[in-house]
Amino acid sequence: MAAKKRTDGATEEKTTTSQRPPAEIIYAAELETLQTGDDAPRPPGWRMSPMAIRAFILGDPARGIRKKFVGNPSLVDRAMVALATNRGLMLVGEPGTAKSLLSELLAAAICERSTLTIQGSAGTTDDQIKYSWNYALLLAEGPTPRALVPAPLYTAMKEGAIVRFEEITRCPLEIQDSLLAALSDRVLAIPEMEGASAMLFAKEGFNVIATANTRDLGVNEMSAALKRRFNFETVFPIPDFSVEMDLVREETQRLLARSGVPSIPGPDVLELLVTTFRELRAGLTTDGQAMDRLSVPMSTAEAVSVAYAMGVRSYFLRRTEASPADLVECLIGAAIKTDAEDIARLRRYFEQRVSKKSGAHWKAYYEARHLLPG
Amino acid sequence: MVGEAIRRLRPRYVLVEGPSDMNERLGELLLPHDLPVALFTYRQDETGAHRGMWSPFCDYSPEWVALRAAVEVGATPLFVDLPAWHDVFDGEENRYSDRHVRHSDRLGELCARLGFEDTDALWDHLFEQPQDEQLLAARLSAYFEQLRGDEPGGHRDGPREDFMAQFIAWAMDQSNGADVVMVCGGYHKPALERLWQAASKERPTLREPENARLGSYLVPFSYRRLDSFAGYASGMPSPAFYQRVWEEGPAKAADAMLFAAIRHLRGKQQRVSPADAIAASTLAHGLKALRGHEALSRIDLLDGLAGALVKDALEAPLPWTRRGTLSARTEPLLAELVRAFSGHKVGVLAPGTPQPPLLHDAFAEAERVHIALNREPQRVVVPLTSQAGAAQSAVLHRLRVLGIPGFSQTRAPSLSRAKTELSEEWSVQRGLDTDPALVEAALYGATLVGAAAAKIEERSRDAEDVLSLANTLFDAALCGIAHLTARALGDLARVVASEPSFTALGGALGKLLALRRGEAVLGKRGHMDLASVLAACFDRGLWLFEATQGASAPLDEGHVRAVVALRDTLRVGPPELDVDPARARGLCERRTKDPEAPPALRGAALGLLWSMLDENDDAEARQKEAIAVLRAVARPETFGDFLGGLFALAREEVVRAEGLVGTIDACVTGFLRDDFLIALPALRQAFAYFPPRERLRIAETILELGAPADGSKAAARVDPMLLLRAPIDVSVVERGHRLEQAAATLAARFGLDDVESPPVAPEAS
Numbered sequence: 001m002a003a004k005k006r007t008d009g010a011t012e013e014k015t016t017t018s019q020r021p022p023a024e025i026i027y028a029a030e031l032e033t034l035q036t037g038d039d040a041p042r043p044p045g046w047r048m049s050p051m052a053i054r055a056f057i058l059g060d061p062a063r064g065i066r067k068k069f070v071g072n073p074s075l076v077d078r079a080m081v082a083l084a085t086n087r088g089l090m091l092v093g094e095p096g097t098a099k100s101l102l103s104e105l106l107a108a109a110i111c112e113r114s115t116l117t118i119q120g121s122a123g124t125t126d127d128q129i130k131y132s133w134n135y136a137l138l139l140a141e142g143p144t145p146r147a148l149v150p151a152p153l154y155t156a157m158k159e160g161a162i163v164r165f166e167e168i169t170r171c172p173l174e175i176q177d178s179l180l181a182a183l184s185d186r187v188l189a190i191p192e193m194e195g196a197s198a199m200l201f202a203k204e205g206f207n208v209i210a211t212a213n214t215r216d217l218g219v220n221e222m223s224a225a226l227k228r229r230f231n232f233e234t235v236f237p238i239p240d241f242s243v244e245m246d247l248v249r250e251e252t253q254r255l256l257a258r259s260g261v262p263s264i265p266g267p268d269v270l271e272l273l274v275t276t277f278r279e280l281r282a283g284l285t286t287d288g289q290a291m292d293r294l295s296v297p298m299s300t301a302e303a304v305s306v307a308y309a310m311g312v313r314s315y316f317l318r319r320t321e322a323s324p325a326d327l328v329e330c331l332i333g334a335a336i337k338t339d340a341e342d343i344a345r346l347r348r349y350f351e352q353r354v355s356k357k358s359g360a361h362w363k364a365y366y367e368a369r370h371l372l373p374g
Numbered sequence: 001m002v003g004e005a006i007r008r009l010r011p012r013y014v015l016v017e018g019p020s021d022m023n024e025r026l027g028e029l030l031l032p033h034d035l036p037v038a039l040f041t042y043r044q045d046e047t048g049a050h051r052g053m054w055s056p057f058c059d060y061s062p063e064w065v066a067l068r069a070a071v072e073v074g075a076t077p078l079f080v081d082l083p084a085w086h087d088v089f090d091g092e093e094n095r096y097s098d099r100h101v102r103h104s105d106r107l108g109e110l111c112a113r114l115g116f117e118d119t120d121a122l123w124d125h126l127f128e129q130p131q132d133e134q135l136l137a138a139r140l141s142a143y144f145e146q147l148r149g150d151e152p153g154g155h156r157d158g159p160r161e162d163f164m165a166q167f168i169a170w171a172m173d174q175s176n177g178a179d180v181v182m183v184c185g186g187y188h189k190p191a192l193e194r195l196w197q198a199a200s201k202e203r204p205t206l207r208e209p210e211n212a213r214l215g216s217y218l219v220p221f222s223y224r225r226l227d228s229f230a231g232y233a234s235g236m237p238s239p240a241f242y243q244r245v246w247e248e249g250p251a252k253a254a255d256a257m258l259f260a261a262i263r264h265l266r267g268k269q270q271r272v273s274p275a276d277a278i279a280a281s282t283l284a285h286g287l288k289a290l291r292g293h294e295a296l297s298r299i300d301l302l303d304g305l306a307g308a309l310v311k312d313a314l315e316a317p318l319p320w321t322r323r324g325t326l327s328a329r330t331e332p333l334l335a336e337l338v339r340a341f342s343g344h345k346v347g348v349l350a351p352g353t354p355q356p357p358l359l360h361d362a363f364a365e366a367e368r369v370h371i372a373l374n375r376e377p378q379r380v381v382v383p384l385t386s387q388a389g390a391a392q393s394a395v396l397h398r399l400r401v402l403g404i405p406g407f408s409q410t411r412a413p414s415l416s417r418a419k420t421e422l423s424e425e426w427s428v429q430r431g432l433d434t435d436p437a438l439v440e441a442a443l444y445g446a447t448l449v450g451a452a453a454a455k456i457e458e459r460s461r462d463a464e465d466v467l468s469l470a471n472t473l474f475d476a477a478l479c480g481i482a483h484l485t486a487r488a489l490g491d492l493a494r495v496v497a498s499e500p501s502f503t504a505l506g507g508a509l510g511k512l513l514a515l516r517r518g519e520a521v522l523g524k525r526g527h528m529d530l531a532s533v534l535a536a537c538f539d540r541g542l543w544l545f546e547a548t549q550g551a552s553a554p555l556d557e558g559h560v561r562a563v564v565a566l567r568d569t570l571r572v573g574p575p576e577l578d579v580d581p582a583r584a585r586g587l588c589e590r591r592t593k594d595p596e597a598p599p600a601l602r603g604a605a606l607g608l609l610w611s612m613l614d615e616n617d618d619a620e621a622r623q624k625e626a627i628a629v630l631r632a633v634a635r636p637e638t639f640g641d642f643l644g645g646l647f648a649l650a651r652e653e654v655v656r657a658e659g660l661v662g663t664i665d666a667c668v669t670g671f672l673r674d675d676f677l678i679a680l681p682a683l684r685q686a687f688a689y690f691p692p693r694e695r696l697r698i699a700e701t702i703l704e705l706g707a708p709a710d711g712s713k714a715a716a717r718v719d720p721m722l723l724l725r726a727p728i729d730v731s732v733v734e735r736g737h738r739l740e741q742a743a744a745t746l747a748a749r750f751g752l753d754d755v756e757s758p759p760v761a762p763e764a765s
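Going line by line, the protein sequences match chains A and B. According to this note's numbering, the stretch in the first sequence is residues 1 to 374, in order. According to this note's numbering, the stretch in the second sequence is residues 1 to 765, in order.
Excised from the complex, chain A in its bound form (with noise of 0.2 Å):
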């Protein structure tokens, strides 16, 4: 699961004039790869088969296609099942695993549009979601098509695409909920409006994909009406140790170029990095010795802003490689945050596990333990 916002270092070049362009902009050419001669059958409504789909997101060499998703295959799977049928798709897990990412690269090989998102929020209002009026012009019309303003999810269910609702549960219930029609009625009411178009029916190829992290609110206040409505997918964390690393280092090496970092930091403090994080948050060393799990997500995503952090520092204030002591340094604040209790853990992580482990790096790395504040 690749850290929340990548974008391809290559096709970045072309596209300067935004910062981050959305997946089916960068991906265009993979996408029209594998729409060429994709003649699997499709859902109704969908751009390209399940099959090619498929492929676009956990990658096919032979076509070069990239891999972007680090993940359990059949997860992608029951995802594109699930928004073929009438049920939403909800990605939840701990923050950092991918969840966006993946709900990106699916509404951009279903629909070819991934910009239709609703970001969730406390202030997160109905207008934001449905539609709005254009006062100017209800004042002189009337509530007219003209006068309305669209809405990402009037928008989809207008054009038959899938609407992205980020981190649902940041939203008050009530709003949340506002969601039930859309998705078992597949149908949003205009109350305002008169005739044909006060009921706005689904185009085919119309779903939603949720995300909520499993740190925040949780999915357990959720309305047991909407829950109902979709189909719970649970993303974990990478299980590879050498996959993992490996992303960090890609990841790293690309935010520092952007940084105008030439070098990333060096193998062994990547190692520490990623199996301090490991450890960490399986709650279990890699040799099987059970440990406490901090409270804070150790997600690869944090990994790669800690190592981030950790390149720009030695880089620009020491001039120096950078040390296992600048690891120890960059893990409060990056990762540990103020939180007493993790600290309190990640001391007698120090003083109970690294002081065990073998290695000069790992010898310096206990050695440095006494930055660690408190």
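It cannot be assumed that every hint is accurate.
Claimed, not checked - In silico lysine-lysine, BS3-like type, Cα no more than 30 Å apart, as pairs: (1) B:268 <-> B:252; (2) A:158 <-> B:311; (3) B:345 <-> B:268; (4) B:252 <-> B:201; (5) B:268 <-> B:311; (6) B:624 <-> B:593; (7) B:268 <-> B:455; (8) A:227 <-> B:268; (9) B:345 <-> B:455; (10) A:227 <-> A:203; (11) B:345 <-> B:252; (12) B:201 <-> B:189; (13) A:203 <-> B:311; (14) A:67 <-> B:311; (15) A:227 <-> B:311.
Unchecked claim - Using C-beta positions, here's what the derived DEER-type ranges look like: (16) B:3 <-> A:240: 34 to 44 Å; (17) B:248 <-> A:240: 32 to 42 Å; (18) B:670 <-> A:344: 34 to 44 Å; (19) A:348 <-> B:651: 31 to 41 Å.
Stated by the list, open to error - Some chain B residues close to chain A (C-beta under 10 Å, calculated; not the full set): (20) 273; (21) 307; (22) 310; (23) 311; (24) 317; (25) 318; (26) 661.
Think of the hints as simulated: they come from the structure by calculation, not from any bench. All C-beta atoms in this analysis are idealised placements derived from N, C-alpha and C, irrespective of residue type, glycine included.
Dock chain B against the given chain A, drawing on the hints supplied.
Coordinates of chain B only, in the frame set by chain A:
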């Protein structure tokens, strides 16, 4: 396909991968059993090393089908593999496990390329779909070529394949041109095809190992044990599903299984609405189409059900996306789903199947250690200090662990310093239900020790908290099963660092300490390295001790006992144990002064410090400090709890410290009447830690303190016994009781019957 081939070819011989020492007894296997049953083979060496191996059969096992079909067409069925007692099987539990598949890199690559998470899903995808038999045969053979390649047999499979190849050569020679059918694991096929032509044509024979007890017998097996999700080294997931496929064909089976699973979940009080059922079915069919399946496969069904039913974030990945047993954090709904797919059928042996040897072994063992078994229960006292007694105790404990009725321990040995009693007392009888229970227990093994070990092992499979693991360890040690104690110790070391409950940890620490003492006194029944685990427990204990908060929490017996266990560990101390007294002391000092700590734990921390005084410590200063702390906590709500913690750890020290008793007296005297009533219950509980004689001494101290300062003899001496036993007439007590009862009835009438009754007899102060 196997049955088809045999019926078509009508061969002379049907050779089956199975233990060749069973060939004379194939008749037993062919009795009309209700499957699943398993052939259990055991081997016990002179040294006592014991191992057992299962060859389970169910209706759709190719081996079983082959045996049946052979009989049907009049061919001679023969098992042609090495017997299970052979050294090549050392360390394996299940003959038909599929470790090759699991460890194959080549298959791993294939799975990744086709987008399957595990080899079972791949297998289902490739072979469990309805398809043309010839195509299937071609595919299978390609698959196993891919799996095996030209890999040599290695030290395990090499001897087996040589043996089987020789058998084939012999059978081909004997059959004079008639066909011979060989039924074996696909992994062996390419090798056997290469080997048999060059093999010697004599029927292979093997000498049985000397000095070892061997045996094979049939036991009823269960689907639960067949399922690879449940462990037991089984090679097959979800047997109930495949049974249905075997009986009804893939198309019907999948639908039936879907509803069977939903029924199972509903039976477990899970809400599965018809809408959910429809969604599950839709999803499964969608996945089927996407994955290009003809009929619903197991994974399609499971994925569909999970997609429709799971309504929360999961803590562990879906169980079927990886091989092995369920993770402890698997969602209960999914665990039940897996269980529904594994089914609960238990096999039944046909009447006339020979009795398993456990029965004989158990009674032989009892006789060996001179325990007479009668219909009537009798008392047996087992002295643990003698060699004979230890042997008796081990046998009895093994029977107890197996849950055989008729054997119960009525008194455990006491290893505490106060009253050492190094014997056990048992009630022993061979009742009516003893024999049937032993037949059932034969599933676990052929000998008493083997069965007990397997039983303990099974119990510990699900154990995740330290207390139940410590109990496992304790049982294993009592039964004298060394390899299990080692494993339980390993498990303990693994989980101790994440144990969340101070009480459980204290309990485990107490058990471990008792074991350590027991080893010292009784000699080693199971050699083990307790020191490192004790140190790890101690470490975690300190962590939890520090982490327990709650300024108004009442006294928790479990917590106080855990502190006592910590203290006892500390007393063993370095160099034997890797525990740091300075760290413990520092922690106790912090805890004693921490206003956020539960009062009982503050008291216990103080008590620990006090009871661990050494000659370098200033006892006087310590007492002063204690008095200061005491004054600081002397609030009516918390005082009793604090003292409870203190007394539990430093009872003797308190009795000796007169100044402290005086302070307590002064504090309590200072309470107002109402406050005193609030403090009273906890105070009573706290003083219960003292035996009567010490209470008398405290009473005397208090009276002395209360005596007039001028030392005049005028004040009549009060009998200290008066303070301990209130001079109240029986009638007063009786009246009090009646009053209380009346109040309770009244309260009950108004629905207030859970109100605590007030304390009755006043305690002296």
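### Indices of hints not satisfied (ascending)
Per hint list: 4 and 26 violated.
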